[in-house]
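Chemist: Sequence:
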Amino acid sequence: MKQNLARLDNPKVTDAPRAQKRSRPVQVADQIKRWVVERDLRKGDKLPNEAEMIAQFGVSKGTVREAMRILEAQGLIVTKTGPGGGSSVGEVSKDRAMSLLGNYFYFKDLSLSDIYEMRKLLEPAMVARLAGNLDAKTLAELRDMAHRHPEPARTPEEEKQQHISSLIFHARLADAAENELMGFVISFMARILSDLTIYRRLYAEPNRELWERGRQHQIELVDALEQGDCARARATMLSHMEGAERMMNAQEMRITREFMAE
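All you need for the working numbering is the position in the sequence shown, starting with 1, plus 5.
Among the hints, erroneous ones may be present.
Computed Cβ-Cβ distance ranges for the label pairs, DEER-style [claimed, not checked]:
(1) 187 / 28: 34 to 40 Å
(2) 160 / 103: 28 to 34 Å
(3) 66 / 119: 45 to 51 Å
(4) 155 / 233: 52 to 58 Å
In short, the hints are calculated from the structure, not lab data.
We treat Cβ as the ideally placed atom computed from N, Cα and C, and that holds for glycine.
Whenever a hint applies, use it, and build me the whole structure from the sequences.
Modeler: See the structure below:
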């Protein structure tokens with residue numbers, strides 16, 4: 006594994022044509038990351054000063070400074086000025102990582118079906134693992150969310166808030182996942198689906214069926230999680246995903262037809 010990391014991060018190990026396309030500061034930034042990984046440095050650990058880095062990597066002051074700016078922009082290091090200042094290892098926040106990933110997908114023209122294809126694979130598996138393993142506080146939070154909207158929306162604004170509340174429910178489940186990668190991906194999908202809901206105005210008309218099915222599934226899911234019923238939790242989530250996908254796609258088609266008619 007470390008050998009693979011070395012090939013990725015060390016320009017001397019990668020093939021020559023690919024390495025030549027990367028600027029020197031980018032190469033040095035990768036070398037610094039590799040240096041940090043090899044020493045198992047953690048958030049807050051100090052990095053060598055500028056003079057030491059110049060000697061360590063055999064490059065100019067300008068190259069080191071640009072490499073450090075690259076790493077700081079990525080959130081991987083933090084630089085402070087003044088007495089006791091200097092550079093230390095940073096940690097990319099979950100919110101920032103999602104924002105960067107969202108920027109990548111911004112021009113990919115994701116469809117609702119693309120998102121739900123992934124949700125149907127991951128979320129039923131996640132809740133099956135969570136069944137019987139959530140503490141009382143988390144279960145209480147989820148139950149409160151499930152009962153937050155006892156009445157269907159009457160206005161587009163209320164419909165939007167109910168969509169967002171439902172996605173927050175799923176993000177809260179993802180926060181409880183033991184598999185952090187799975188939890189991150191599910192949270193990210195909830196975020197981009199929330200953005201699509203607002204951007205494409207999928208809340209333009211209140212949808213009673215979507216509210217009714219979504220609310221009932223959430224209530225049933227919390228019960229299954231509390232009782233430790235893995236099979237019921239999985240089946241409930243899958244049913245919810247399938248119904249939500251069908252109704253959201255229908256809502257998007259209806260809004261598109263109305264837009265074209267105008």
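Chemist: The structure should be examined with respect to each hint, and the outcome stated for every one.
Modeler: Do the hints match the structure? See the list:
1. 187 / 28: 34 to 40 Å: 35 Å, holds
2. 160 / 103: 28 to 34 Å: Once the Cβ atoms are compared, 29 Å apart, the range 28 to 34 Å for residue 103 and residue 160 holds.
3. 66 / 119: 45 to 51 Å: Given about 46 Å between the Cβ atoms, the range holds.
4. 155 / 233: 52 to 58 Å: 27 Å, violated
Comparing the model with each numbered hint stated earlier shows that hint 4 is the single one that does not hold.
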